[in-house]
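Peer 1: Take these sequences, add in the hints, and give me the full structure.
Which chain is which? The protein sequence lines are A and B, in order.
First residue of the first sequence: -6, per my numbering; consecutive thereafter.
First residue of the second sequence: -6, per my numbering; consecutive thereafter.
Be aware that a few hints might be false.
If several chains are the same, the list does not tell them apart, and a pair holds so long as it fits within one copy or across any two.
Said to hold, decoys possible - Straight-line Cα separation of at most 25 Å, BS3-like style, residue types lysine-lysine; simulated pairs:
(1) K241 with K311
(2) K241 with K285
(3) K411 with K241
(4) K546 with K484
(5) K86 with K285
(6) K716 with K690
(7) K961 with K249
(8) K458 with K249
(9) K86 with K379
(10) K86 with K127
(11) K379 with K690
(12) K181 with K708
Simulated from the structure, these hints should not be mistaken for lab results.
Protein chains: 2
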Amino acid sequence: MTRALALCAYLLAVQAEPSIEVHIVAHTHDDVGWLKTVDEYYTGQNNSIQHAYVHMILDTVVRCLEQNPNRTFTYVELAFFVRWWRQQDDSTKALVKRLVSSGQLEFSNGGWCMHDEAAPHYLDMIDQTTLGHKFLMEEFGIAPRTGWQLDPFGHSATQAALLSAEVGFQGLFFGRIDYQDLALRKDKKEAEFIWRASPSLGSDAQVFSGLTGEYGGNYGPPSGFDWDAFSSDETIQDDPQLEDYNVKSRVDDFVKVAMVEASQTRGRHIMMTMGSDFQYEDAFTWFYNLDKLIQHVNADGRVHVFYSTPGRYVDAKKSEQVTWPLKEDDFFPYADGPHQFWTGYFTSRPALKRYIRDTSALFQVAKQISAIAGNPTSSEQQGLEKLAEAMGVAQHHDAVSGTAKQHVTFDYAERLAKGRAAAVTGISAALGRLTDARSSSEFSYCDLRNVSVCAPTEAVGKTNKRACFALWNGLGHEREELIELPVSTDKVEVVNGMSNQAVEIQLVESLQSLTNYGAQAGGAAHTLLALVKLPAVGHASYCLQTAGAPAPKAQLANISQGDCQAIENENLKLWFCAGMLANITDKLSKVSARAEQSWMWYNASLGNAESSQASGAYIFRPNRSQAFPVFTGLPFMRLFRGPLADEVHQEVGSWISQRIRLARGSRHVEITHTVREIPVDDGWGKEIVSRISTDLKNSGVCYTDSNGREMLQRKRDYRPTWKLNQTEEVAGNYYPVTTSLFIRDETAQLTVLTDVSEAGTGCVRDGEIELMVHRRLLKDDARGVGEPLNETQYVTPYLGSDQGRHYGPGLVVRGQHWLHFGAPATAARNWRPLMDRLYLPVQPFFGQGSPSRSFSAMQGALPPNLEVLTLAQWDDEHILLRIGHQFGLGEDSELSKPTSVNIKSLLVGATVISIEERGLAATITRAEVEQRRIAWHVEQSPVHPTPLQSDDFTFGPLQIRTFFVKIKRTDMAMFI
Amino acid sequence: MTRALALCAYLLAVQAEPSIEVHIVAHTHDDVGWLKTVDEYYTGQNNSIQHAYVHMILDTVVRCLEQNPNRTFTYVELAFFVRWWRQQDDSTKALVKRLVSSGQLEFSNGGWCMHDEAAPHYLDMIDQTTLGHKFLMEEFGIAPRTGWQLDPFGHSATQAALLSAEVGFQGLFFGRIDYQDLALRKDKKEAEFIWRASPSLGSDAQVFSGLTGEYGGNYGPPSGFDWDAFSSDETIQDDPQLEDYNVKSRVDDFVKVAMVEASQTRGRHIMMTMGSDFQYEDAFTWFYNLDKLIQHVNADGRVHVFYSTPGRYVDAKKSEQVTWPLKEDDFFPYADGPHQFWTGYFTSRPALKRYIRDTSALFQVAKQISAIAGNPTSSEQQGLEKLAEAMGVAQHHDAVSGTAKQHVTFDYAERLAKGRAAAVTGISAALGRLTDARSSSEFSYCDLRNVSVCAPTEAVGKTNKRACFALWNGLGHEREELIELPVSTDKVEVVNGMSNQAVEIQLVESLQSLTNYGAQAGGAAHTLLALVKLPAVGHASYCLQTAGAPAPKAQLANISQGDCQAIENENLKLWFCAGMLANITDKLSKVSARAEQSWMWYNASLGNAESSQASGAYIFRPNRSQAFPVFTGLPFMRLFRGPLADEVHQEVGSWISQRIRLARGSRHVEITHTVREIPVDDGWGKEIVSRISTDLKNSGVCYTDSNGREMLQRKRDYRPTWKLNQTEEVAGNYYPVTTSLFIRDETAQLTVLTDVSEAGTGCVRDGEIELMVHRRLLKDDARGVGEPLNETQYVTPYLGSDQGRHYGPGLVVRGQHWLHFGAPATAARNWRPLMDRLYLPVQPFFGQGSPSRSFSAMQGALPPNLEVLTLAQWDDEHILLRIGHQFGLGEDSELSKPTSVNIKSLLVGATVISIEERGLAATITRAEVEQRRIAWHVEQSPVHPTPLQSDDFTFGPLQIRTFFVKIKRTDMAMFI
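Peer 2: Here's what the structure looks like:
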């Protein structure tokens, strides 16, 4: 072939090649609080901090869509949309309904917020998604088809499997992945792929996933095509009458960008995310230029461009016969450059994180009580809604993540407090109905029990009143627990409210003295442990009352500081040497291991020679990989032995205290730490870790949970899908520990359950795990929040010259680590149920008068590997019931197996009229979820996903199934 | 009366007091070029310089007005509006017409731009206003009722009298007045007043005037109530469901602001200008909050607030029985603080200013020729429109003022160049028809005659062609002038094209050698002066042709440098000593005076101990009051004597040259200066003045013109309406000299006419006048333009890291000062007509072929004190004719008297069907202007304005009358 002929052939080939189809997805990313509170963002207040005014975004977008029926827009965060919707008049609502129905306005994600993927518990993710989806179904009759997680700082397996596939999303889009991963994916045309994230759920729960932001690790428009009103990018000037006509150069720029993007994925269709943080406040600017872009690029003809949405985009990708790469792990940790691991936020603002988790449990219980009591009043419903919305806001990826400004953090906490108060009013009324109590408002909740403050129990002995309480167990199994009650005197006892039988009790030292807050609020010096027994999903009634004799007290042992001492029960033996835990033995499996605990701190980098990156709210970067001991002296240790539990109390230097409790019969040990104000007078920010060094030979492998569901294997300096160039040997091996972390070897497994999300690892050094429980930093890490993570009691308002100054004492953090130790084969059957118990503690509601009769909503027992996850009133007709299989594939020889249960006969006291299986977010049927599944072609994998078990009520490992249960209540309270 | 009773009485009085009525005037102030070019502003380009996107302003405002019929908006600058209008589809146009017709959208000012009030010639102000008003009348059938000069840096008497009262404005609003004046006015409830600015026109031409911007010396919203999308002011949060509900505090804030504003003027009505520079790009944000403000403030009830417009506001003020203070002088100079006199911009960018003035003359002539020739083609009309629009843009208060960025200045110049070229094409065609020339495109214009470049005349002698030209006289009187023609050879002559009679000529040295530009462009070394005679409003034809003998040449006199030398003619004698003008004698009135000219420079302040204020584009601030001589040696002087004129050529140091010409029979002397690149290597910015020191005893009093009309008396360190605290003895006594400046005592008057606006004074030192002709500065003066006034040949584009860097040689400036000297009583009759001659020089259009016959459009002579100001085609039917009385009240014993003329018989060759008198901007009748007049009550003044003479064609002093003349053309060309 001559050269000329070759050229001709080439040109023909080029011409024949199908053109690139560019989907323009106009969108705005509206943080549900970050630099400003959610309401400041909505109402445009405090614009000096950040210009953002969501009300105006929705106002102008709707007008722009009305103006031109070709235009489309994608909205995401229902927290904002619902605020706006409630303010609209009927004609605007009718217009918006038309826009939604025509597809011009599409909701993607559609949760209350765009939740974080590291810190939230899976139930909070499900709840906040359901909250948004319920609104969308009720108002518009729609259920979003795509996930839209553009901004979260890493992406979880649970997001892909549960919050995408199981919700009924056909695609999941996000912006931030590791910079090395990103570069490789662009190279290998893997910017889009099939993500099959849960080994337990398998290919059924896979989702088509795509990077956004021109595959640039972000979610904005291509460089140079930001036409937000606040941008300076070159607009399209197509009026030849005026100077600087630039149609040709702008079209050329665009075609180039489209070609590059198309080269990084598969198929002809690509998506451009035309929008960014709080953009479209003046939607007219964007749409005017997009209209012109579309007009002129299509006239040029080299690529084809049009308004689209994530839903339409997935439809287009579906129509292409493309074989996709497969992704099976998750996207943690996220790094946006060398030394820049976003692993600090797994721990940032631990008190907010803990408050959210604590509230989550209360919320679950509140929903249960309301559903069971039935016939809620509107104020009860509003109370629950208020809490639901506060929790929805709190799951945002700058809320629970701990990456918001201080005053915003306070706002999150305030919303939760108000939500809790509102919900408790409702619970009180419902409990009143449920327990035949005289008044509907007589139950109170001791919000400050964590600092030993509880007026009803503290009053016992001071007055002649007793304190009776309904103790709610939200789990689907009977349960025996040690509960803690603050008491003012030792002459108290606890009796069962019905039988009047005294229960076993033990008096221990309360922890209130460790903080000023407890003492200031009148916290009790003593805590009464009481051993209580509770039915499944229900309550028993107990009363604290004065007794003739003092309660049995834990006795302070006479020990010699520094010597080795042991505590033990039927199952475990713990050795303490030099004041700290040194060894642990599982008596049953006769496994023993060195287990030396130490409290350490990393020196938060302020930037150094290697990199200017500082440690901050987002990023964890120790200035060197070796941590310093918090205290180099001998910790002061006390040992208390009592009939119900032994406790070791330790003072590790002047600002860390720890209580280790081993209860009678317990298979685990509870470590409660109190980290008081972290000293930073030396100019060094500090990141506090609890470390346990063992002789387990885990070879750099550890396991961390994904939002409390699947356990994921982690390996030192390793990523499953690419060869990692590791730049931070500690921070780069940190992972989110939302609920659990373990290391193991052939003989033993050490599992730590946390009561809150923490950054942790078991991969850095063999046999060693560490969990970061608190951080106090002095420099901002330049990811936007604009203040060092230096949590104090107060902050000045954003007015005048003294804006946002932090002052007052530093944050005190208390938390729990539950340790399980034993043979690997039997570990899961112990720690999996423990995980549920730690998440959902029993909740006492203190009544004014006499005890109520106890009951359970459950008829017969659930199989041990199933759990009731949600029991809530959905609407007038339906109870929403979620039941989950709580064991991962292969975790336990028996309990990981599929299990069946007869839902129909599960609940007490109601005639079940029908049961309908729903998608995870409940607004569509399970059948529709299945129908939405797309048979993607996947490399090295069967083409068709196998549907999950959907026969009558069988649950595969870690499967969650959601039901609408239509009942006829046989009583005012459904179950009684 | 008891105390309690007194309190009751007080409270009743307070309650009974009428509430304050707050007019919300939503508006945007859109600079027609400043930091960006007019098109950059319109299309949103270069937003990194300044975020501004006028297209979006108009788009969103219109949608907001459509949304709520209560909303109103005021738009001002037609340059932008017309750009937008031309891009709109029919439905948007129909909507806008509805909005205008309902009064929701009001145009205030309605000129092409918001013109500067210091630098523009009054005809340019009239033209640009007429251009905008014509559009508004044609498209919407409306004529603005108010003036809106919010931003210009001082306010002229001509603005009040001609461009307000005579245009038919019922109110004039502006923001910037001297800070001392402002404080006093607020104190004395004089923030609004009646401005009767022209002694000649009297109370007929008064206008109700008001300060804007909460009377704060600006034009924005009250502090804290800026709800532009780019602002951070607190929005109104009135949703009790959300946090930070702030209705009470916002209402309180607003009521307070309204009370304060109301206390500073008279009557119950006040106006708030809700908008500012380029605001309302997202109009939704503004209107949404204004809606809420109105709702909640009115619910509160302490003040009443509503959407309004300047027109509605004037109506409301009219309805109040209030007596107003009277203002009779002008608002120059403007200072916004001590040492901060905005008197630099009177001279800033002198070459741009001169180019605009030069183009103004060409524009007047172009309109005349087109109107006279009649039946213009559409390309002729488009040419004129292009020039009209370029001139409209150029009058903007950051254009001709010299306060725009360098690249914007280049854009203004480019627009003028393109406009001139387009108009000349039209003139050529019209002249073709008018002169029976064979082709309609054969006339060319020598744009570069100022540097002695003119291909047709330079070719004479090189080829055997002669250069015939139609020489246009735009004035309404016959005229004899010395014209300058660049010639390549001395063997040339000039003959009358019809009679072939040679005219008197004289060869002089051209000035092209003084700049590189002339030489580079092939400028001729010789200039031929020819004495030509021209009819009124018409042309004569002359030809330059080769001659057998050399033309008479000015002879270099043999003088001894430094000695005193004289030149003289019939009227004047000038003495030069030590190389510079030293003495001047008026031979007729036998008055003589010392008149020592010197070139001086002020050291531009970079800020000093007294004030940090630097001298810059806006502000003139010499670092000390004493100027330095440009050259301390003996200027090199040459003296040429010739038959038509004597010339003195001087070199004042290395970078200033000067030519002083005294023509035979002339009553004035012409000084042409060339200021080449001002050296600034010493780090000192320099402001160059020509100073003439005389022994006139003017006692600190001088007179400067107001835009070329009324002469205003100025006094040293004095303002007519308040006791000035003077902080700058030079800059604070500088005034705009748009065309003329004089000082006088009982025996003599020295008048200087300028060919361009300049900063000048005759008040600083007795007997001394100075005019600033050039400035080169090294520091920005912090008033927004953001670059030092350091004009160079090039500037880098606003891209990348090298944005807006100035480079290349510094600006060269050439200009003329015409000096008249004589007895005060007869001064005006000389300098007033000279002012017209200097403004409107005769214009040669060079034809390709044979000479054309000459003609005049005037039938009979105009009275000597009247002048034809505008003669233009208005529409298919009407000729627009403006005639002005050119003498101020009392300036001349005879010529200042009212004069009559019969308009009907004024014009040649057309049957006048009707004559209708119009307002100054021509779109409404004179009767409507009169009808719009409001009989304001004025302190110490008759209540009713006396209408101007409106009988048949009588003109009072300085009166301008505007007519529609409906004619029947008797020939293809109207007048021939």
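Peer 1: The structure should be examined with respect to each hint, and the outcome stated for every one.
Peer 2: Consistency of the hints with the structure:
Taking the shortest Cα distances, K241 and K311 never come within 25 Å of each other, neither inside one copy (33 Å) nor across copies (55 Å). Only within a single protomer do K241 and K285 lie at most 25 Å apart by alpha-carbon distance; the minimum there is 12 Å, versus 44 Å between protomers. Taking the shortest alpha-carbon separations for K411 and K241, only the inter-copy value of 23 Å comes in at or below 25 Å, while the best intra-copy value is 57 Å. In this assembly of identical chains, K546 and K484 lie within 25 Å of each other by CA distance solely inside one copy; the values are 11 Å within and 130 Å between copies.
Proximity of K86 to K285 under the C-alpha cut-off of 25 Å is restricted to the inter-copy arrangement: shortest distance 20 Å between copies versus 29 Å within a copy. Proximity of K716 to K690 under the C-alpha cut-off of 25 Å is restricted to the intra-copy arrangement: shortest distance 24 Å within a copy versus 93 Å between copies. Taking identical chains as interchangeable, the C-alpha atoms of K961 and K249 are never at most 25 Å apart, the minima being 63 Å within one chain and 62 Å between chains. For the homomeric pair K458 and K249, neither the shortest alpha-carbon distance inside one copy (79 Å) nor that between copies (57 Å) is at most 25 Å.
In this assembly of identical chains, the alpha carbons of K86 and K379 lie at most 25 Å apart only when taken from the same copy (23 Å versus 48 Å across copies). In this assembly of identical chains, the alpha carbons of K86 and K127 lie at most 25 Å apart only when taken from the same copy (17 Å versus 43 Å across copies). For the identical chains of this complex, K379 and K690 are neighbours neither inside a copy (49 Å) nor across copies (86 Å), given an alpha-carbon limit of 25 Å. Taking the closest pair of Cα atoms, K181 and K708 come within 25 Å of each other only inside a single copy of the chain (24 Å); across copies the shortest separation is 81 Å, beyond that limit.
When each numbered hint is compared with the structure, violations occur for hints 1, 7, 8, 11.
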